[in-house]
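Chemist: Here is what each chain is made of, one letter per residue.
2 protein chains.
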Amino acid sequence: MVNIPLLLMGCGGVGRQLLHHIISCRDLHSKQGVRLRVVGVCDSKSMVTIRDVLISELGDEFLLQLCKVKSSGSSLNELANFGECQVFSGQEIEKKVMDVAATLCRSSVVDCSASSQTIALLSRVVNLYCCVVLANKKPLTSSLESYDMLVSHPRRIRHESTVGAGLPVISSINRILSSGDPIFRIMGSLSGTLGYVMSQVEGGRPFSQVVNAAKSLGYTEPDPRDDLSGMDVARKALILARLLGHRINMDSIKIESLYPVEMGPDVMPLEEFLANGLPSLDKDIQKRIDSASSNGNVLRYVCLIEESRCEVGIQEVAKDSALGRLKGSDNVLEIYSRCYSEQPLVIQGAGAGNDTTAAGVLADILDLQDLFQH
Amino acid sequence: MVNIPLLLMGCGGVGRQLLHHIISCRDLHSKQGVRLRVVGVCDSKSMVTIRDVLISELGDEFLLQLCKVKSSGSSLNELANFGECQVFSGQEIEKKVMDVAATLCRSSVVDCSASSQTIALLSRVVNLYCCVVLANKKPLTSSLESYDMLVSHPRRIRHESTVGAGLPVISSINRILSSGDPIFRIMGSLSGTLGYVMSQVEGGRPFSQVVNAAKSLGYTEPDPRDDLSGMDVARKALILARLLGHRINMDSIKIESLYPVEMGPDVMPLEEFLANGLPSLDKDIQKRIDSASSNGNVLRYVCLIEESRCEVGIQEVAKDSALGRLKGSDNVLEIYSRCYSEQPLVIQGAGAGNDTTAAGVLADILDLQDLFQH
Numbered sequence: 001m002v003n004i005p006l007l008l009m010g011c012g013g014v015g016r017q018l019l020h021h022i023i024s025c026r027d028l029h030s031k032q033g034v035r036l037r038v039v040g041v042c043d044s045k046s047m048v049t050i051r052d053v054l055i056s057e058l059g060d061e062f063l064l065q066l067c068k069v070k071s072s073g074s075s076l077n078e079l080a081n082f083g084e085c086q087v088f089s090g091q092e093i094e095k096k097v098m099d100v101a102a103t104l105c106r107s108s109v110v111d112c113s114a115s116s117q118t119i120a121l122l123s124r125v126v127n128l129y130c131c132v133v134l135a136n137k138k139p140l141t142s143s144l145e146s147y148d149m150l151v152s153h154p155r156r157i158r159h160e161s162t163v164g165a166g167l168p169v170i171s172s173i174n175r176i177l178s179s180g181d182p183i184f185r186i187m188g189s190l191s192g193t194l195g196y197v198m199s200q201v202e203g204g205r206p207f208s209q210v211v212n213a214a215k216s217l218g219y220t221e222p223d224p225r226d227d228l229s230g231m232d233v234a235r236k237a238l239i240l241a242r243l244l245g246h247r248i249n250m251d252s253i254k255i256e257s258l259y260p261v262e263m264g265p266d267v268m269p270l271e272e273f274l275a276n277g278l279p280s281l282d283k284d285i286q287k288r289i290d291s292a293s294s295n296g297n298v299l300r301y302v303c304l305i306e307e308s309r310c311e312v313g314i315q316e317v318a319k320d321s322a323l324g325r326l327k328g329s330d331n332v333l334e335i336y337s338r339c340y341s342e343q344p345l346v347i348q349g350a351g352a353g354n355d356t357t358a359a360g361v362l363a364d365i366l367d368l369q370d371l372f373q374h
Numbered sequence: 001m002v003n004i005p006l007l008l009m010g011c012g013g014v015g016r017q018l019l020h021h022i023i024s025c026r027d028l029h030s031k032q033g034v035r036l037r038v039v040g041v042c043d044s045k046s047m048v049t050i051r052d053v054l055i056s057e058l059g060d061e062f063l064l065q066l067c068k069v070k071s072s073g074s075s076l077n078e079l080a081n082f083g084e085c086q087v088f089s090g091q092e093i094e095k096k097v098m099d100v101a102a103t104l105c106r107s108s109v110v111d112c113s114a115s116s117q118t119i120a121l122l123s124r125v126v127n128l129y130c131c132v133v134l135a136n137k138k139p140l141t142s143s144l145e146s147y148d149m150l151v152s153h154p155r156r157i158r159h160e161s162t163v164g165a166g167l168p169v170i171s172s173i174n175r176i177l178s179s180g181d182p183i184f185r186i187m188g189s190l191s192g193t194l195g196y197v198m199s200q201v202e203g204g205r206p207f208s209q210v211v212n213a214a215k216s217l218g219y220t221e222p223d224p225r226d227d228l229s230g231m232d233v234a235r236k237a238l239i240l241a242r243l244l245g246h247r248i249n250m251d252s253i254k255i256e257s258l259y260p261v262e263m264g265p266d267v268m269p270l271e272e273f274l275a276n277g278l279p280s281l282d283k284d285i286q287k288r289i290d291s292a293s294s295n296g297n298v299l300r301y302v303c304l305i306e307e308s309r310c311e312v313g314i315q316e317v318a319k320d321s322a323l324g325r326l327k328g329s330d331n332v333l334e335i336y337s338r339c340y341s342e343q344p345l346v347i348q349g350a351g352a353g354n355d356t357t358a359a360g361v362l363a364d365i366l367d368l369q370d371l372f373q374h
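Those protein sequence lines, which keep their order, are chains A and B.
Mapping to the UniProt record's numbering: the first sequence position 166 is 166, numbers consecutive.
Mapping to the UniProt record's numbering: the second sequence position 94 is 94, numbers consecutive.
FYI, nobody ran anything at the bench for these hints, they're computed from the structure.
Each statement offered as a hint is correct.
Copies of the same chain are indistinguishable here, so a pair counts whether it falls within one copy or spans any two.
EDC-like cross-link-like pairs, simulated, lysine to aspartate or glutamate; straight-line CA separation at most 20 angstroms: (1) K31 x D148; (2) K68 x E78; (3) K283 x E272.
Note that the structure is a prediction, hence the values are computed from the model and not measured.
Using the sequences and the hints given, assemble the complete structure.
Modeler: In structure tokens form, the structure reads like this:
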């Protein structure tokens, strides 16, 4: 039986879903000869763990209780009296994580947070023979220095769920690269929200109306400008570009925001943006749609990586390309390489949601199992 | 440096391309800390290897010479005087392979042949801690008994290139399954030849004309009936179905042949089939196309796996589905699971060709590297 000790950072939606997946896969994994042993869980303020991480684990009942406590908005401290566990907080957390990692010799540290506070810690554990699995994009989109540190042992890191949720994007790119097939172009729609918006406006609905509809469907962040700024897509683009070997930072990426600076969150309150800002953008977007349409094309908010170019923004694409045919909130990625030169390799499907994202994280953890063989 | 000793079976187009890929990736793999060491190559009649497989290898110059000898149609015996090597033939081969495998303790045996003669040998080496990488479909589509033997150590076998050439089909399905996301339906077009034929006839060209055109473009086997029989697609369907846990054999698959039995290769000579047989099929196919078209659909030769169903044949599919939009000789696979339930996960791209197939094999070999760590 291969035993994988696991330390989870972040117990928001994705982290909790991961715990649920782990518990419901117990039988499946046992048949495959693998046992995932959760030895610690942290959020930004606290950490719960157990006394002897070499032999014990946080039981499934405890983990379910943890999920319940967290979804009700309470603190991990509430678990202190529920079953055998130790609770640490504040500055103790980092020390305890290092301690657990050093004791275990080899473990997997899984970052399902959305925080940049984990970066320093991850860079340290990776040198303690730890494997790192990320759903969190921040550690890979910070400085090149910390990126290099994180990927210095490439077999010990997985981060499928940082791009396209569980879609097999990173694993497929890694396969292509390791076979010596050079990728010369990647183009994709990597935001379910912007994919939905761009395919909806194409039918003639005003931009402002579509964004409002997306907001009430729960497709956008509470402030839709978090999506419309393009920053989230830019982070994914940076992750892909660095994977292809580009030595760039966030500031090298050309990012098109779908609203002007004077409508930014620091300048304009959300209500005003929704009521007056957004509608004032309708005309311009409609003009661009009409112009694309007269070329037989449609507009998509894409990420494009090619030679030294890395940019995210609105592009005209052929109506009958994989990108142009995209409907709804699916993600799609077109990869061009020597083997896929005329027609790209296309990967398409749901690229968001806690279930899918957590499933991608779990597949990554399982993919590390050979490193845990004795 | 991780050292992967490699024994190649089959040096036809794919096998030779693999050797070329390995040689041209030397620098890349060295940067990744991996060294592929080719210690033996077999074809159906002979085997070349070296005296001390623990420390030596067949050099790159030797391997290039081997490729040259094989592409000219000569025997591996010709290499006996070229550099340091040992040549074995006939019954000696199996004994020598076992010998090499036992000496190396852990090695990877790569089957790029198209033969069922390798099955017995593969089942034996897999018990010697060998890893197995297959482009050859036969070992996985023979009896359930030998299938079970081959996959008895699931982490030691890879076979991406048995379905869709280098397309990340098997690796993606394995990821989905290991994350506990149950796949309930797979539908795809897994033959570049039949994909081309079915998308071409849709435009009104007679079936016989399209098949002849595909033949002269080199898209079909020398006898196009090898493609039209559906047997090759059925093999891929069986591999996918078994991967999903279906305990079935070839004879459980419903296979639609695009020609009737009385036109089979044992009954009708190729020339007569091309001249008279094929054209007599035009009318019926046209009728089916018209009927589909009146429903707004198109015809595709698909593989369908769903619950206990596993079948390959012509199906009506929606014009605007990934399958319906397929043009040219690309493969496409739609995977439906809990995470991809309404919209499938779609993987699309070139699914044939020695370059792509060999790249898939090489990615598989690299994917095994953690098992070769000390």
